[in-house]
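Top to bottom, those sequences are chains Z and S.
Using my numbering, the first residue of the first sequence is number 1, and each one after it goes up by one.
Using my numbering, the first residue of the second sequence is number 359, and each one after it goes up by one.
Honestly, the hints are just simulated from the structure, not real lab data.
No residue lacks a Cβ here, since even glycine has one placed at the ideal position from N, Cα and C.
Each hint should be verified, as a subset may be incorrect.
Claimed, not checked - Residues from chain Z that keep clear of chain S, each with C-beta distances beyond 10 angstroms, as calculated: (1) S23; (2) H47; (3) V102; (4) R103; (5) H115; (6) R146; (7) E220; (8) D261; (9) I344.
Claimed, not checked - Across the chosen pairs, the derived CB separations fall in these ranges: (10) Z:R103 with S:G474: 46 to 56 angstroms; (11) S:W407 with Z:Q128: 22 to 32 angstroms; (12) Z:D351 with S:W464: 44 to 54 angstroms.
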Amino acid sequence: MAAVSLQQLRVNLGGREVIPGLSLDIAEGEFLVLLGPSGCGKSTLLHAVAGLTDIAAGRILIGGDDVTAADPATRNIGMVFQSYALYPSMSVEKNLSFGLRVRRLPRAEIARRVHDAAALLQLTDLLQRRPAALSGGQRQRVAIGRALVRDARVYLFDEPLSNLDASLRATLRRELKLLHRRLGATMIYVTHDQIEAMTLATRIAVMKDGVLQQVGTPDEVYSRPANLFVAGFLGAPPMNFLAGMLATGDNGPRFVAAGLDLALDRAAVSRDALVAGRAVLLGVRPEHVRLDERGALMARISLAEPTGAHQVISLEWRGGVLQALDTTQPPLSEGSEVRCTLDIARASLFDAASGTRL
Amino acid sequence: MNRSPLAARVGMAAFLAVAAAFFLLPLYVMLVTSLKPLDELRAGALFAWPLAPTLAPWRTAWSEACTGVACEGVRAGFMNSLAIAVPSTLLAVGLGALNGYALALWRVRGANWLFGLLMVGAFVPGQVMLYPLVRALGTLGLVGSLPGIVLVHVVFSMPLMTLLFRNWYASLPTELFNAARIDGAGFWGVWTRVLLPMSAPMLGVAAIMQVTGVWNDYLLGLVFAGHDFAPMTVQLNNLINTSTGTRQYNVDMAATLLTSLVPLVVYFGSGRWFVRGITAGALKG
């Protein structure tokens, strides 16, 4: 296992600049998730690390070695693909051992490693089967096993779970997390699924249009999003945005919007940014809209969407619609009037013009 | 289809029956003619079943009929055709698969240009190239030799073989190719260990097309094979044009059937496979 360093990486695909210069350092043993919408360049970035896509400029270091121009075969990486990409003409055992046979490892060593990987991934009973005779989850486990037997310096995952159904996805996600904990290997994982990113990552790198928007722990990225894009991309239901203005009050800075006047003394914002008159957006996650009988905000529940554990309610008030989580038992019904407060300490403030966090 | 009115289905069946009869009738006439003695032929009942069926014309055609000066039947031609078809097929399919693989999956500089040129080559009539090819092979001393005729067949088959395999490999998921590369396989490793074992349907189709194409060829065999390696088609022509006395229609028919036997066997034996191979690429099966 090894650290990975991407330096000023630029990638063009078909004459179009997909990644315009990206730098990222991934520490040894880290589980880094590249998160972003379709077409944001995250898979392209992963392919560049693997050596499957040519880069226009920049450097790639794996374990300190410059592999920018190296062939994929010599980079000593393991990769798991979205479509599994198992060799259809080979049994599971041959699939697992392919990379070792190509590299001419001693037969006993190959047998030992295949045996270990199969035991780790519960594939021992399936070793003689062909991929066509496996279920989707089994196929993906074989694909993971094929990467693991290689003892690679870094493991790359290209949306490995997106072809599986929801329950299988959750199971394999847990297995992957345990696997990373047990192996302590460096892993880079591409996904557009925020749940996968939040649950698996030690760090998340959020991408948009080939540019890193924010790199941080899941908690940092979720609680302190660097800009409006990150704030809106993570979280379901999404963060509420309230447009307003900064003002100065008796007890310090305030956020003023139609029908709303909130003290910002407890907000996690640097004081210097709180210039009166500045147009801002207040971002409040649905779970931080508190139902509170003494709350200043009066609203009517216009829509209730039960999810089982709780329900998502849409609160209509003078200033617009807020989404909130209702965990009360029995659940509130549509049409009822409620009062609520916004948890300013956990809210985010963004500059209205640039969209960046204050 | 099941709910189509009865009349439509009867009409369809009738049309297919007529079409089948149209194509099968000549074959039937050839077959019965080849089984009739000469005097029965003179009676002129073209469609009649032979009164006294005999295999004598087949024996004559195979080993005794005169093909020019020699009178050894089409047997020698059969062996020549075999000697030409086997290496021509193996080489053409192998090289075509290799070309298609390289063009489809490795971003070779100028690959599209090369492929375009190859396709243009496929549309130039072979006759145009005949004279330059004769001169070229003459310079190399290959005219009238087995390597010469095999080389010509392989070269002429390249556009089609390359096209078939290029499209086949382009239809396979790229991730398979990427996975093999990451697993450490190089240019040859990916091809021989991962992709060729998956190519059986296309290899079958290509081999069938090449065998029948080479076997049915007359012009190239006539020009490049020379006397010693004249294929069966050339000898058949000689046999039919060699006239000493009465025209032996029954022997001519038997010789023709013998000559077309290999393509017929290939088609009947592999027809279903042939269709499956052609559609396999489209359905990603």
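| Contradicted hints - numbers only | Of the numbered hints given earlier, those the structure breaks are 2, 3, 4, 6, 10 and 11, listed in rising order.
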